[in-house]
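A.B. asks: Which chain is which? The protein sequence lines are A and B, in order. Residue numbers for the first sequence follow the numbering used here, so the first one is 2 and each next one is one higher. Residue numbers for the second sequence follow the numbering used here, so the first one is 512 and each next one is one higher.
The hints are simulated quantities; they were obtained by calculation from the structure and are not laboratory data. Worth double-checking, as some hints may not be accurate.
Derived pair list, reagent style DSS-like, types lysine-lysine, alpha-carbon separation capped at 27 angstroms [as the list claims (entries may be wrong)]:
| hint | chain 1 | residue 1 | chain 2 | residue 2 |
| --- | --- | --- | --- | --- |
| 1 | B | K691 | A | K84 |
| 2 | A | K84 | B | K549 |
| 3 | A | K56 | A | K170 |
| 4 | B | K662 | A | K79 |
| 5 | B | K517 | A | K84 |
| 6 | B | K549 | A | K98 |
Distance windows between CB atoms, simulated [what the hints assert, rightly or not]:
| hint | chain 1 | residue 1 | chain 2 | residue 2 | range |
| --- | --- | --- | --- | --- | --- |
| 7 | B | N713 | A | D74 | 41 to 47 angstroms |
| 8 | A | D75 | B | R569 | 53 to 59 angstroms |
| 9 | B | L796 | A | R61 | 31 to 37 angstroms |
Some residues of chain B that are not near chain A, with every Cβ distance over 10 angstroms (derived) [to be verified]:
| hint | residue |
| --- | --- |
| 10 | E542 |
| 11 | R546 |
| 12 | T558 |
| 13 | T600 |
| 14 | L602 |
| 15 | I795 |
Even glycine gets a Cβ: it sits at the ideal position worked out from N, Cα and C.
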Amino acid sequence: MADKVVLDSDSVNRTISRIVNQILERNNGAADVVIIGIRTRGVHIATRIANEIEKLEGIRPEMGTLDITLYRDDLRQKTEWPKVERTEVPFDLDDKKVILVDDVIFTGRTTRAAIEAIMDFGRPSSIQVVTLIDRGHRELPIQPDYTGLKLNTLSSETVRVHLKEADGKDEVVVVKQ
Amino acid sequence: MAFERKHILGLEELNAEEITLVLDTAESMREVSDRDVKKVPALRGVTVCNLFFEPSTRTRSSFEIAEKRLSADVLNFTTIHSSVVKGETLLDTARNLEAMGASMIVIRHPMSGAPWLLAKELNSSIINAGDGWHEHPSQGLLDLFTIRRLKGRIEGLKVAIVGDILHSRVARSDIWGFTKLGAEVRVVGPPTLIPKYIEHINAKAYYNLEDAIDGADVVIMLRIQKERQDSEFFPSLREYSRFYGLTREKLRGAAKDVTVMHPGPINRGVELSSDIADGAEAVILEQVSNGIAVRMAMFYLVASARRTS
Numbered sequence: 002m003a004d005k006v007v008l009d010s011d012s013v014n015r016t017i018s019r020i021v022n023q024i025l026e027r028n029n030g031a032a033d034v035v036i037i038g039i040r041t042r043g044v045h046i047a048t049r050i051a052n053e054i055e056k057l058e059g060i061r062p063e064m065g066t067l068d069i070t071l072y073r074d075d076l077r078q079k080t081e082w083p084k085v086e087r088t089e090v091p092f093d094l095d096d097k098k099v100i101l102v103d104d105v106i107f108t109g110r111t112t113r114a115a116i117e118a119i120m121d122f123g124r125p126s127s128i129q130v131v132t133l134i135d136r137g138h139r140e141l142p143i144q145p146d147y148t149g150l151k152l153n154t155l156s157s158e159t160v161r162v163h164l165k166e167a168d169g170k171d172e173v174v175v176v177k178q
Numbered sequence: 512m513a514f515e516r517k518h519i520l521g522l523e524e525l526n527a528e529e530i531t532l533v534l535d536t537a538e539s540m541r542e543v544s545d546r547d548v549k550k551v552p553a554l555r556g557v558t559v560c561n562l563f564f565e566p567s568t569r570t571r572s573s574f575e576i577a578e579k580r581l582s583a584d585v586l587n588f589t590t591i592h593s594s595v596v597k598g599e600t601l602l603d604t605a606r607n608l609e610a611m612g613a614s615m616i617v618i619r620h621p622m623s624g625a626p627w628l629l630a631k632e633l634n635s636s637i638i639n640a641g642d643g644w645h646e647h648p649s650q651g652l653l654d655l656f657t658i659r660r661l662k663g664r665i666e667g668l669k670v671a672i673v674g675d676i677l678h679s680r681v682a683r684s685d686i687w688g689f690t691k692l693g694a695e696v697r698v699v700g701p702p703t704l705i706p707k708y709i710e711h712i713n714a715k716a717y718y719n720l721e722d723a724i725d726g727a728d729v730v731i732m733l734r735i736q737k738e739r740q741d742s743e744f745f746p747s748l749r750e751y752s753r754f755y756g757l758t759r760e761k762l763r764g765a766a767k768d769v770t771v772m773h774p775g776p777i778n779r780g781v782e783l784s785s786d787i788a789d790g791a792e793a794v795i796l797e798q799v800s801n802g803i804a805v806r807m808a809m810f811y812l813v814a815s816a817r818r819t820s
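Next comes chain A alone, as it looks inside the complex (with noise of 0.2 angstroms):
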């Protein structure tokens, strides 16, 4: 079992960082923009995007958590169900542009239950999707539209975002099996 790491604590925030700069530049700054994370480290990295946007463009733009857990499509299939955590959109999402943020994109299927948890708040004139990582191997027809670092990973292997919020340290890991 070795561990690579792909990203170090200064490439992490470089990232974050110029996918800022693209959320900011497709949307012509941060009018109607609102910020959702998902569980859990997903909520970090949406926090530090609400604040650089504060930072560069003076205004705070709203912002929500996601947990997916009652939108799961595997519950039927999962053994072991994990707890509902709280979700939190304390604002109207229609006609917003929404950021959905995810750490680790994947099989799709956490940012399909997101979306349709999204539509469930209102009717958003956008969803948009940031991810730290884009791991492949999708399994729905979903794209990211601001990637940190796409990886070519194997299905066995395990990407590992640690973030200061939540671990102490900012870092990506791919570990091997």
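Dock chain B against the given chain A, drawing on the hints supplied.
C.D. replies: For chain B alone, kept in the frame of chain A given last:
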């Protein structure tokens, strides 16, 4: 921690950790009711049957809304319309519902213990919606949930339950729930309506209302069934109301931030004066709203346990 119970029959058999998991899950479920589309797909394809052998509007509706918010298919079965009047046994009725594809059965029955019989004999998950004088776990859980949200804790609170303790399944579930989470529970009512065994389940018996609510953080008023007023339990409704009806004046001895609860339906002017029922201390309608989130949590956790076993 994973929930490992296929059924939720009573709070007596749940431990503090399991109760807390239900309350935590209910916190997450609460938000679904605030959305534009008040529905999540978690129980898609699951058929839930509400089997009610007693009239109930509130509890049955609350269960039904909870089932629908989780996208379950709902089958309502009430005795007035059913073949029970033709002499079918409880077990046969329930087996038929199971044969129609129900995998969860919510049952209310006038006989204590009826849900246990179904749990023993059927493959479905059974949720007790009130059995005889015994337990009403979803009401107990929603009372705990409402108080935990308001006060941030259950441990150390003084809880007074007032009224007809003898016939009350709400009282029993509340006593189990609140004591397991570390509250001090007092029960108060006419001696004829306080069962002797009540101290064995860690509730302290009082016969004077002012004594019982002295310093209380929570006062739970039970409904007096008017149809019992001609029975031998107390001389008259007026006398009952004078001694055990909650008024502003009697509430004065309670804690400053006292919360008043009632499982409904209220008899205004009997167990509860209108100024209390509509006052700032009363959370009767919050109890009703919270009931939906708590029942959603019960379904989710029971469904998860079915999967594991």
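A.B. asks: None of the hints should be skipped; say for each whether it holds.
C.D. replies: Hints, one by one, checked against the model:
no.: 1; hint: K691(B) <-> K84(A); result: holds, 22 angstroms
no.: 2; hint: K84(A) <-> K549(B); result: holds, 20 angstroms
no.: 3; hint: K56(A) <-> K170(A); result: holds, 22 angstroms
no.: 4; hint: K662(B) <-> K79(A); result: violated, 36 angstroms
no.: 5; hint: K517(B) <-> K84(A); result: holds, 16 angstroms
no.: 6; hint: K549(B) <-> K98(A); result: holds, 22 angstroms
no.: 7; hint: N713(B) <-> D74(A): 41 to 47 angstroms; result: holds, 45 angstroms
no.: 8; hint: D75(A) <-> R569(B): 53 to 59 angstroms; result: violated, 35 angstroms
no.: 9; hint: L796(B) <-> R61(A): 31 to 37 angstroms; result: holds, 35 angstroms
no.: 10; hint: E542; result: violated, 5 angstroms
no.: 11; hint: R546; result: violated, 6 angstroms
no.: 12; hint: T558; result: holds, 14 angstroms
no.: 13; hint: T600; result: holds, 33 angstroms
no.: 14; hint: L602; result: holds, 28 angstroms
no.: 15; hint: I795; result: holds, 26 angstroms
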